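Asks: These are the residues of each chain, in order.
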Amino acid sequence: MKHEFTEYTDTELFALLRTEYREKAFGELYSRLSPNVFAYCMRVLGSRDAAYDIFQEVFMRLYQLSDRMDHLENVRGYTLAICRNLCLNEKKRLASQNVEFDDALYNPGVSRESERNEMLRLITMAMELLPHDMREVFVLREYDGLSYNEISALLNIKLDTAKVRVFRARQRIKEILQPYLNEL
Amino acid sequence: MPHSQLIHDLLDGELDSVGEATLFGRMANDSELRSEFMQQLAIRTAIQQDRATLVPPISLTSAVFAGLGFSAPFAGAVGASAVSQSSGIVSTWLAKIGVPIMAALAAAGITYTIMQQQGSAQPSAVQPTAYEEAETPSPMATSSKSGSVPADAKSREYKTVERIVERIVERPSSVNVQLAEENDQLRSELAALRSKGQSDREDAVVEDRPVSVAPVEFTSNIQIARSPDNRVIRAMGIQPISPSFSVPNFSLSMRGLNGQAAPLSVPAQSAWYQNVGVGLSYRLSPSTSVGLEVGAESFPMVFQGTRNQQVVQFELQPLATWAGVSYRHVFSEIGSSGFAPFAQALVGGSEFGPLGRASAGIIYSPAGPLQFMVGFEGAALAFSHQNTWYTSTKIGLTYGVLVRL
Numbered sequence: 001m002k003h004e005f006t007e008y009t010d011t012e013l014f015a016l017l018r019t020e021y022r023e024k025a026f027g028e029l030y031s032r033l034s035p036n037v038f039a040y041c042m043r044v045l046g047s048r049d050a051a052y053d054i055f056q057e058v059f060m061r062l063y064q065l066s067d068r069m070d071h072l073e074n075v076r077g078y079t080l081a082i083c084r085n086l087c088l089n090e091k092k093r094l095a096s097q098n099v100e101f102d103d104a105l106y107n108p109g110v111s112r113e114s115e116r117n118e119m120l121r122l123i124t125m126a127m128e129l130l131p132h133d134m135r136e137v138f139v140l141r142e143y144d145g146l147s148y149n150e151i152s153a154l155l156n157i158k159l160d161t162a163k164v165r166v167f168r169a170r171q172r173i174k175e176i177l178q179p180y181l182n183e184l
Numbered sequence: 001m002p003h004s005q006l007i008h009d010l011l012d013g014e015l016d017s018v019g020e021a022t023l024f025g026r027m028a029n030d031s032e033l034r035s036e037f038m039q040q041l042a043i044r045t046a047i048q049q050d051r052a053t054l055v056p057p058i059s060l061t062s063a064v065f066a067g068l069g070f071s072a073p074f075a076g077a078v079g080a081s082a083v084s085q086s087s088g089i090v091s092t093w094l095a096k097i098g099v100p101i102m103a104a105l106a107a108a109g110i111t112y113t114i115m116q117q118q119g120s121a122q123p124s125a126v127q128p129t130a131y132e133e134a135e136t137p138s139p140m141a142t143s144s145k146s147g148s149v150p151a152d153a154k155s156r157e158y159k160t161v162e163r164i165v166e167r168i169v170e171r172p173s174s175v176n177v178q179l180a181e182e183n184d185q186l187r188s189e190l191a192a193l194r195s196k197g198q199s200d201r202e203d204a205v206v207e208d209r210p211v212s213v214a215p216v217e218f219t220s221n222i223q224i225a226r227s228p229d230n231r232v233i234r235a236m237g238i239q240p241i242s243p244s245f246s247v248p249n250f251s252l253s254m255r256g257l258n259g260q261a262a263p264l265s266v267p268a269q270s271a272w273y274q275n276v277g278v279g280l281s282y283r284l285s286p287s288t289s290v291g292l293e294v295g296a297e298s299f300p301m302v303f304q305g306t307r308n309q310q311v312v313q314f315e316l317q318p319l320a321t322w323a324g325v326s327y328r329h330v331f332s333e334i335g336s337s338g339f340a341p342f343a344q345a346l347v348g349g350s351e352f353g354p355l356g357r358a359s360a361g362i363i364y365s366p367a368g369p370l371q372f373m374v375g376f377e378g379a380a381l382a383f384s385h386q387n388t389w390y391t392s393t394k395i396g397l398t399y400g401v402l403v404r405l
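Chains as they are written, first to last, in this note's numbering: chain A, 1 to 184; chain B, 1 to 405.
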């Protein structure tokens, strides 16, 4: 047994979810995965309440998954896949309800500085204007820090497709922000 | 490859040295390309700032862990607390004023209960008994059981000490055994007197009435005087062996903690029980005591860590529940004012790491079991993040109540 749970890999921690160390293992997995999942939920979905619900559901399902599987090679990717599927379903549901843009989504309360950052607000609003496929790859790349290979594997698309989508998303955001950027 | 793609590759860290040379060569001669590079860099920087703020709030983390039956970990505390943001004026009032007041009320309640219990066991000297109601000569002027009787005692109304002796016998000691024997003897003498028709003195005999016995040691030489005709006896006084009541060795303390630190941009996590310390101390000597104390308060934490290969500075103020061993030294009383300076140190730990506290101030000890203290206190909490240790310090006032049990 290693001294610190931080020394375990994601796969080892997932296996520990079936043991008496499940609580600590889950805590460590949560600390590693929650920023990615939370950023994805917050930036891909258009509702903070929905993002919170999905966020909880993701980790519930991850934990329940350990009852059925004792080995998971890519825990991070699998978790994001759960998150993505849930978000897609939620977006469909929200689209049918015609939910308005939730401005509070971009004021999560962690830093008051961000609220005053006009640049940040413009970027997040620009992201809202992106098509879903572009916004998704943009979030996975810029917020979750996934490599192009990880993005292609997660979205089940070609590597080049992933690169092109990310590039186009970046260019699209820059175009939207162009009037503001010209003043910099 | 378009120039924009080269810029993205460079910012992604995926541009090789040849590509870098090409890009920088073009940027040196192309102001529009330089401008685009600056714009993309500005967008990346803003996104990185945004990413640093996207941390699940404590309330959400707590909900996840509660849903699984787990307790929320430290990592979940990173970030702001949506709970504390929406706490409103009520919880703010509770945190700053209400809890210390409630602590004081609780201490007063405990004190009242203890005093009530002690009040029901006050020594007989406090409650006048029948024999005290009669004028009695000084014990110094009396003799022992077999001694002589002062002359003025002959003309006075005498009352028996039958019930008093009976109560004292309840104490299982050799003294009491002796007293029981004497009591039996007195009963016999009294019965003999009654059988001889001395009914004129019957009204002087005190009816049975309970006499409370305080936790004091009694001497074996109860001063008893007899009337000249040897028919009526009288108690002259009871002298305690121990000159004072036993000193309570345990004290219960409840105090408010008002430590302050440099303000952070994130709100402090709060709870209704914060900023209060409760302790139990044992008195080693009249001036020193050791004890255990527990409490809860928020500590400001500023630390750095890496997340997604980036160095991020975190700020948070989680609520830390701590416990520790304390040592208190009370110095000599200032005159006879009841005020005495004290110094106290505590070493313990919390869920985040080891903790130390040091305080100094004044203790006021009026008559009774209550003591009041006020002073300055400094606290330091050590915590680690990603194998690096940090400290959080606070300094401020502390004030509270101690109850001697």
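Hints may contain errors.
[Stated by the list, open to error] Interface residues of chain B toward chain A, partial, derived using beta-carbon atoms under 8 Å:
#1 H3
#2 S4
#3 L60
#4 R404
[To be verified] Simulated coverage check for chain B against chain A, where a stretch passes if three residues somewhere in it have a Cβ under 8 Å from a Cβ of chain A:
#5 64 to 71
#6 271 to 277
No lab work stands behind these hints, which were simulated from the structure alone. Treat the numbers as computed from the prediction; the structure is a model and nothing was measured. Quick reminder that beta carbons are idealized off the backbone N, C-alpha and C, glycines included.
Asks: All hints, please: hold or fail.
Replies: Going down the list of hints, with the structure as the test:
Checking B/H3 against chain A: minimum C-beta separation of about 12 Å lies over 8 Å; hint violated. For B/S4, the suggested interface contact is upheld, since its CB lies about 7 Å from the closest CB of chain A, less than 8 Å. Here the hint on B/L60 is kept, as its CB sits about 6 Å from the closest CB of chain A, short of 8 Å. With a least beta-carbon distance of about 42 Å to chain A, the hint placing B/R404 at the interface is violated under the 8 Å criterion.
With a threshold of 8 Å between beta carbons, the proposed coverage of the region 64 to 71 of chain B by chain A holds, since 6 of its residues qualify and at least three are required. Residue count for the region 271 to 277 of chain B with a Cβ under 8 Å from a Cβ of chain A: 0. That is fewer than the three needed, and the coverage hint is violated.
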